[in-house]
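**Student:** So the protein sequences, as listed, match chains W and A. Residues in the first sequence are numbered consecutively from 11, following my numbering. Residues in the second sequence are numbered consecutively from 2, following my numbering.
Check the hints yourself; a few may be wrong.
[As the list claims (entries may be wrong)] Reference listing, derived: stretches of chain W covered by chain A, where coverage requires no fewer than 3 residues with Cβ under 8 angstroms from a Cβ of chain A:
1. 19–29
2. 46–56
3. 80–90
4. 218–231
5. 250–261
[Stated by the list, open to error] The calculated label-pair distances, taken between Cβ atoms and stated as ranges, are:
6. A:264 to W:168: 56 to 62 angstroms
7. A:198 to W:72: 15 to 21 angstroms
8. A:73 to W:163: 21 to 27 angstroms
9. A:198 to W:117: 55 to 61 angstroms
The set of hints was computed from the structure by calculation and includes no laboratory data. Since the structure is predicted, the reported quantities are computational estimates derived from the model, not experimental observations. We put the beta carbon where it would ideally sit given N, CA and C, even for glycine.
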Amino acid sequence: MVIFLARRIGASIVLLFVTSLVTFLLLSLSGQDVGRQLLGLNASQAAIDAKNAALGVDRPILVQYGDWLTRALRGDLGRSWFSSEYVTTAIAGRLPVTLSLMVGVTLVTAVVGYLLGVWAGIRRGAVDRFVQIFSVAGYALPGFLVTIVIVIVFAVQLRWFPAIGYIPITQSFSGWLSTITLPAISLSIAAVAGIAQQVRSSVIEVARSDYIRTLATRGLPHRNILFRHVLRNASAPALTVLGMQFVGLLGGAVIVEQIFGLPGIGSMAIQYTTQGDIPIIMGLVMLSAIGVVIVNLLVDLGIGWLLPKARTS
Amino acid sequence: MTQQATVPTEEPRVADAAAVKAPSVLGALLSRPLALTAAIVLVLIVLVVVCAPLLAPFGPNDAIPKNAFQGPQPGHPLGFDTAGRDVLARLLYGGQNTLGGAVIALLVALVIGVPTGLLAGYYGGWFDSASGWVTNFVMSLPAMIVLLASRAVLGPTVWVLMIVLGFLVAPSFYRLVRGAVAAVRNELYVDAARVSGLPDWRIIGRHILTVVRAPVIIQIALVAGIAIGLQAGLEFIGIGSGNTPTWGAMLNEAFNNFNRAPLLLVWPGVALGLTSAALVLLASGIRDALDDRSGEMRRVTRRERATLAAGRASERSAIAGDGRGALLSIRGLKVAYRKPTGPDVEVVHGVDLDVAPGQIVGLVGESGSGKSQTAFSALGILPEGGYVAGGSILIQGEEVIDVEPSTAAARRRALGYVPQEPMSNLDPSFTIGSQLSEPLRVRSRRGPRLTKAQAKARVLELLAAVEIADPERVYASYPHEISGGMAQRVLIAGALSTDPDLIIADEPTTALDVTVQAEVLGILRRLRDERGVGVLIVTHNLGVIADLCDRVAVMNDGRIVERGETETLLLSPTEDYTRRLVAAVPDADVVREPWQPRAATKEIA
């Protein structure tokens, strides 16, 4: 297990390195004249050159990357070109919003999706058909379309929740809850559908497996078979899907934060990519890559814990 | 071997295998009304959108400012948008851009994903590992962030973003194709094609593409849905190509003006939802139809169950009570299976079988003869959809058919089950010791349940009894850490753990190699001799029967065609079927002899 983990961490570091290099090179391909953008069309060429030299963008790309990398390893991601804000500060100010949204959605998804899936897989019949229809519907409609409907029904028509805005949890818990509920529900629907569907089919598959049948012939009560053996073996694929969904949620968060006006990483990404603020974009890409790496490691650990065979591979 | 010999052969049936592996997508579509409807809706949407210039009398950007926010008028059936442009025209031309974007993403993904998947799956090697690494890399990138970043580089053109999206989803096709190809690469019919000298490109074209066709079509529908949703989502949050009409941009405009003209939201919303839903329904419909396991089995209604039970009860009253085996007695057993459509299929048509204490009885027949179904009925483990349609099964003189489930389960505790395939019958998530001792700690047939320490001692004892040299090590091992032969001994120990009076072994040696086979049979014989248990052994191997059994019953097509003392039956079979079965074995006295080794050597030389 330790070797397995060490190998995964090693691979993750390589992955982060490759991501940073590829992203940096691709972003530099745009060949935009930052100095001109910052100082405006009327600025003198000398002033622009001076600005570019100050930002360091007049150097060869690989030198720039080396510089970025050595700073990044010390935890310094540079400053925004346009607002001069430190990238780490800018991200740190917005991360709690997105992170609380994503973690909340993932927890809700895990619990609700798992219960629905297990229920459908064991009971079959009407419950199963409901979960099937719900999961196809949750998957079939684009997430933002569902979000639009939710906003119109619960914020515009019923006025139960604000349609837009964010209140930090430090300011008012009830305020925070009222601003975060609709975004969280919007993001949860498809995710719950995906998990429920996965859990349902693995529960059915494991319940039909040879070893469950054999255990049943040894007089093991139904309860033990279900809770110890079926659920444990059916949980690993669900965990994999949950991990993939967490990564996908990042994309959903971008749209949902924009719709609900939440000051998180997603709306930040839209704002700064529109400007072409490379230090910030690099910071966001690395942040999400690190997030993905951490989630994948957690999923691997969880699967290793659930399935002994996975520990050796 | 005579032409008629029907002991299962291991020969590859080339045509059959190919037929099974290449399911018809069209057939699948026609068998599912919902998927068919979705397909028709999609075709209609595409047709309407492609014919936009013919159907829409106005251009998508022809604006008449004074008509802004106006409702439907003659010639403008859907009214006007916020700038006085015709909604219908924008919807149709917008569809061209929205669907066109998805098509671009799909083409890029297919062109990259499918050929690389084919090559990696078929040839493996360095290309496989390299592309696997790239795939993992791309899949671990958050798509939305990459799209936004590439927008910073490439500019706000949705078409370009769709190409990027194509790169990002290509791995899903790569994985799908690679997996499917790697799975069939070593199938016998592909081997046969290779041996017969077909060039690789012919094999890939003829055998392998047919295998991946259906999953790729399903994936295309899903990816198209994702691409449309993502593109519209980007347009909706205002990251689009400015003035170009798209459904996402129309939604954006309508959402911002919701209070003034809520209806503007409806048309692009419906168009998008309908397209997206049709794609997903199409995909899941095809998948369900191809994967018949997910087909919903018709349930046995309460009334049907009562009728069946009443029928079985009246049948049982007619069964004579005398001459029934003291340990296991089966009379008139019928087993039937439910089908998703159509009437149930009966696979066992009235079987009688007896086992006395201390007796080893063989049930022999080819695969599909119903011998395993008979054993499963006694054990109460018929697969989903299977049920006992008639007859009686007594275990130690007590009925287990049509009694309370708990009563039947209690009576069946006299049985121990040794399954066919050792590896798949051990729970991979628990140690051998844990899964063998669990039943002992929950309940015990004789005496109180055992404590943890007692259960462990008992399991170690059982492992030693099945001739495992190092019980402590096996006790602590997970199933994947032991060999197949070892696993089969563990399963025999598992069957013994409940202290049964009858062991039912279903093909206990088929999955093992020859030396281990003989040892496993030896263990079963010794258990009978030492503990006096009865054994019912289900097999297609007459060698096993000759080696082990006191009595034998021959089964064919759901019926027992002949039964008797093993020696008498094997030496002078009376039934034609039994004669053919015996004739099909090169030498009935040997468990398994190498098959005509001299002839083979001659051919090679």
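**Student:** Each of the hints needs a verdict: does it hold here or not?
**Tutor:** Verification of the supplied hints:
no., hint, verdict
1, 19–29, "holds (count 3)"
2, 46–56, "violated (count 0)"
3, 80–90, "violated (count 0)"
4, 218–231, "holds (count 14)"
5, 250–261, "holds (count 4)"
6, A:264 to W:168: 56 to 62 angstroms, "20 angstroms, violated"
7, A:198 to W:72: 15 to 21 angstroms, "52 angstroms, violated"
8, A:73 to W:163: 21 to 27 angstroms, "25 angstroms, holds"
9, A:198 to W:117: 55 to 61 angstroms, "59 angstroms, holds"
Consistency note: the structure conflicts with the earlier hints numbered 2, 3, 6, 7.
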